[in-house]
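Q: All chains should be built: construct the whole structure from the sequences, respecting the hints.
Protein sequences appear in the order of chains A and B.
Following our numbering, the residues of the first sequence are numbered contiguously, the last one being 304.
Following our numbering, the residues of the second sequence are numbered contiguously, the last one being 272.
One or more hints might be untrue.
As the list claims (entries may be wrong) - Here are a few chain A residues that sit away from chain B, every Cβ distance over 10 Å (derived from the structure):
no. : residue
1   : L105
2   : R169
3   : Q175
4   : S234
5   : I279
6   : G293
What the hints assert, rightly or not - Below, computed lysine-lysine pairings styled on BS3-like, alpha-carbon distance capped at 25 Å:
no. : chain 1 : residue 1 : chain 2 : residue 2
7   : B       : K146      : A       : K170
8   : A       : K32       : A       : K206
9   : B       : K146      : A       : K158
10  : B       : K211      : B       : K146
Simulated from the structure, these hints should not be mistaken for laboratory data.
Glycine included, C-beta positions come from ideal geometry on N, C-alpha and C.
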Amino acid sequence: MSLATLTKPWAATSYGFLDASAKRELRRKMLKAVAVPGCQMPYASREVPMARGWGTGGLQVTLTLVNPGSVIKVIDQGADDGVNAASIRRFVSSVSGAAQTWDTLDASIIQSRHRIPEEILRENQVLVLQVPDPEPLRDVESNISIARQMHADADYGKLWLTLYEQIVRKGRIMQGASYPALVNGRHVITPSPIPRWDVPKLHMSKHLTILSAGREKRIFAVPPFTRVEPLVFSDRPYLVEDHAGLTCQRSGLSGFFMNELPMDGGGSRFEVSDSNLGIKAIRRTEGEPDGIGDTWYRNGEYSA
Amino acid sequence: MNLETSSALQRAAPRLMADAPVLTMAGMSRAYGAVQALRAVDVSVYPGEVLGIVGESGSGKSTLLRMMNLEDTPDNGDYRLRLPGRADRNLFELDRYERRMLRARHIGIVYQNPHLGLLMHHSSSGNVAERLLVAGERSFEVLRSKARVALDASEFPLARMDARPIELSGGMQQRVQLAKAIALEPSLLLLDEPTTGLDVSVQALVLDTLKRLQRERRITMVLVSHDLGVIRTMADRVIVMRHGAVVEQGLADQVFQDPQHPYTQQLVHAKL
Numbered sequence: 001m002s003l004a005t006l007t008k009p010w011a012a013t014s015y016g017f018l019d020a021s022a023k024r025e026l027r028r029k030m031l032k033a034v035a036v037p038g039c040q041m042p043y044a045s046r047e048v049p050m051a052r053g054w055g056t057g058g059l060q061v062t063l064t065l066v067n068p069g070s071v072i073k074v075i076d077q078g079a080d081d082g083v084n085a086a087s088i089r090r091f092v093s094s095v096s097g098a099a100q101t102w103d104t105l106d107a108s109i110i111q112s113r114h115r116i117p118e119e120i121l122r123e124n125q126v127l128v129l130q131v132p133d134p135e136p137l138r139d140v141e142s143n144i145s146i147a148r149q150m151h152a153d154a155d156y157g158k159l160w161l162t163l164y165e166q167i168v169r170k171g172r173i174m175q176g177a178s179y180p181a182l183v184n185g186r187h188v189i190t191p192s193p194i195p196r197w198d199v200p201k202l203h204m205s206k207h208l209t210i211l212s213a214g215r216e217k218r219i220f221a222v223p224p225f226t227r228v229e230p231l232v233f234s235d236r237p238y239l240v241e242d243h244a245g246l247t248c249q250r251s252g253l254s255g256f257f258m259n260e261l262p263m264d265g266g267g268s269r270f271e272v273s274d275s276n277l278g279i280k281a282i283r284r285t286e287g288e289p290d291g292i293g294d295t296w297y298r299n300g301e302y303s304a
Numbered sequence: 001m002n003l004e005t006s007s008a009l010q011r012a013a014p015r016l017m018a019d020a021p022v023l024t025m026a027g028m029s030r031a032y033g034a035v036q037a038l039r040a041v042d043v044s045v046y047p048g049e050v051l052g053i054v055g056e057s058g059s060g061k062s063t064l065l066r067m068m069n070l071e072d073t074p075d076n077g078d079y080r081l082r083l084p085g086r087a088d089r090n091l092f093e094l095d096r097y098e099r100r101m102l103r104a105r106h107i108g109i110v111y112q113n114p115h116l117g118l119l120m121h122h123s124s125s126g127n128v129a130e131r132l133l134v135a136g137e138r139s140f141e142v143l144r145s146k147a148r149v150a151l152d153a154s155e156f157p158l159a160r161m162d163a164r165p166i167e168l169s170g171g172m173q174q175r176v177q178l179a180k181a182i183a184l185e186p187s188l189l190l191l192d193e194p195t196t197g198l199d200v201s202v203q204a205l206v207l208d209t210l211k212r213l214q215r216e217r218r219i220t221m222v223l224v225s226h227d228l229g230v231i232r233t234m235a236d237r238v239i240v241m242r243h244g245a246v247v248e249q250g251l252a253d254q255v256f257q258d259p260q261h262p263y264t265q266q267l268v269h270a271k272l
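A: Below, the structure written as structure tokens:
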């Protein structure tokens, strides 16, 4: 009897690039993050074959969650075909055996930089958001230790004050992406630099969202069916980007978040930011079955 | 006891007798390393009263004020505030969150250094609004109007309510601090050398504002100062501190006109 016959083939259990202890730590931190929604959990962010700031936090979470049966989708600002998105998707697939997809509805894990797909995600899907700066208090308190203390005390007065000051100075809240939101009535998070358009998609959603910052070594989460409320004054309603009336010039879709493309000689054209949704719509115009699922927004109005 | 002291006693006595103290501190001791900053200090403050605390630098008066503002915890001591709807308990047993909420809703403070009390790069109205935000107010229009009322009560020019404190004079900064402190109509207003560093004419204006607020709103105040003139102008009652202990206390007129302790005599005569 040899050692080889007593052990299982390593290839069946060793996948996902990270070693077992790294994945175990990440799993524990993710469980803690889910247990205390919105609370930032520190973790030992590992080296991965990608520069810090290019989605290493999201990649480590994806590599921990992935298995050979997973279906992985990676988007960068809504697009599946960006260089960074394509590289991450191919890498995750090559080290885990997971299938690749562009279709939101087919994916079991969706890693995203700065967008949430327009089609409603299900209970058995996990959204992994890449976060450059996980600390919503960074602008009001540069000392990380004090900021952590402020989170512990739910001391968000200064954060509210920045919103007050924006209305006083500019007449409206100027915060665009990274709009601070209160999770489960307790912790304020930055929902990563997703546009205001996407923040309502996190509220009472069916899917699990995990947000991870590799450079800053922090993980936090929005579990399914959890309240996510943007910080707004009771007499100043939360406003999303005014894209409801725009039409995608490639797919003809309207009522979704658009990319603005400046044109020579002034003016702009718009294309739907969720590239896979645009592809499905183009397919529909060509008479093929489109396969578009339910969307969070209908006719430019949030309706989920 | 001269006639003036006697009349002051008669003026103050009914109030002191009729009401239970709004603030009671007993056996307050605090050491920082080898330095004993407070030695078994007992203090009571009655509703609507202005208590002056005097003493030289290092006598423990600012430490005592920090304790009253729940910014520090003593080695020994019991601190109670009589507040509507709140159980009577030692406030040093509260956790950090409860202390912060109690401070936000019931205790106002004006520091000698406006940099400690204000966010210099936010608007003056925003500084007042921050206190309301911490206490849970979430309507922009209510924040705006309450900030306006508090600044107006502090005689701050409303045309400049959105100016940043960094752009204001020292006297104006103190008025913003005062507006922030009174915005929620606190049960207790703590004043830590509020006029030190201001020129005499501005000092007089700030003191006039404080006196008017005290007269109109009957706010209970604790005023710390090493300037006996300020204490004499403002305080109903005075405690004199030295080396962390209270060496003398009594009605302001009594203490200033008939000081008993040698240190108080030295203080009063040095001033006069």
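Q: Please check whether the beta-carbon of Q175 (chain A) is more than 10 Å away from every beta-carbon in chain B.
A: Holds, because the least Cβ-Cβ distance between Q175 (chain A) and chain B comes to about 15 Å, which exceeds 10 Å.
Q: Per the stated criterion, does the least C-beta distance between L105 (chain A) and chain B lie above 10 Å, as a non-interface residue requires?
A: Correct as stated: the minimum Cβ-Cβ distance to chain B is 38 Å, above 10 Å.
Q: Decide if the proposed pair is consistent with the structure: K146 (chain B) and K170 (chain A), CA atoms, cutoff 25 Å inclusive.
A: Holds: K146 (chain B) and K170 (chain A) sit about 20 Å apart, inside 25 Å.
Q: Given the hinted pair K32 (chain A) and K206 (chain A), is their alpha-carbon gap at most 25 Å?
A: 19 Å, holds
Q: When you look at the beta carbon of R169 (chain A), is every beta carbon of chain B farther off than 10 Å?
A: It is violated; R169 (chain A) is separated from chain B by about 8 Å at its closest Cβ, not greater than 10 Å.
Q: Is the Cα-Cα distance between K211 (chain B) and K146 (chain B) 25 Å or less?
A: Holds: K211 (chain B) and K146 (chain B) sit about 21 Å apart, inside 25 Å.
Q: Compute the least Cβ-Cβ separation between G293 (chain A) and chain B, then decide whether it is above 10 Å.
A: 36 Å, holds
Q: The output says I279 (chain A) does not contact chain B. Does that hold with a beta carbon cutoff of 10 Å?
A: It holds; I279 (chain A) is separated from chain B by about 43 Å at its closest Cβ, greater than 10 Å.
Q: Is the nearest Cβ of chain B still more than 10 Å from the Cβ of S234 (chain A)?
A: Its Cβ does come within 10 Å of chain B, the nearest being 5 Å, so this is violated.
Q: Mind checking the alpha carbons of K146 (chain B) and K158 (chain A) for me, to see if they're no more than 25 Å apart?
A: 18 Å, holds
Taken one by one, the earlier hints fail for this structure at numbers 2 and 4, listed in ascending order.
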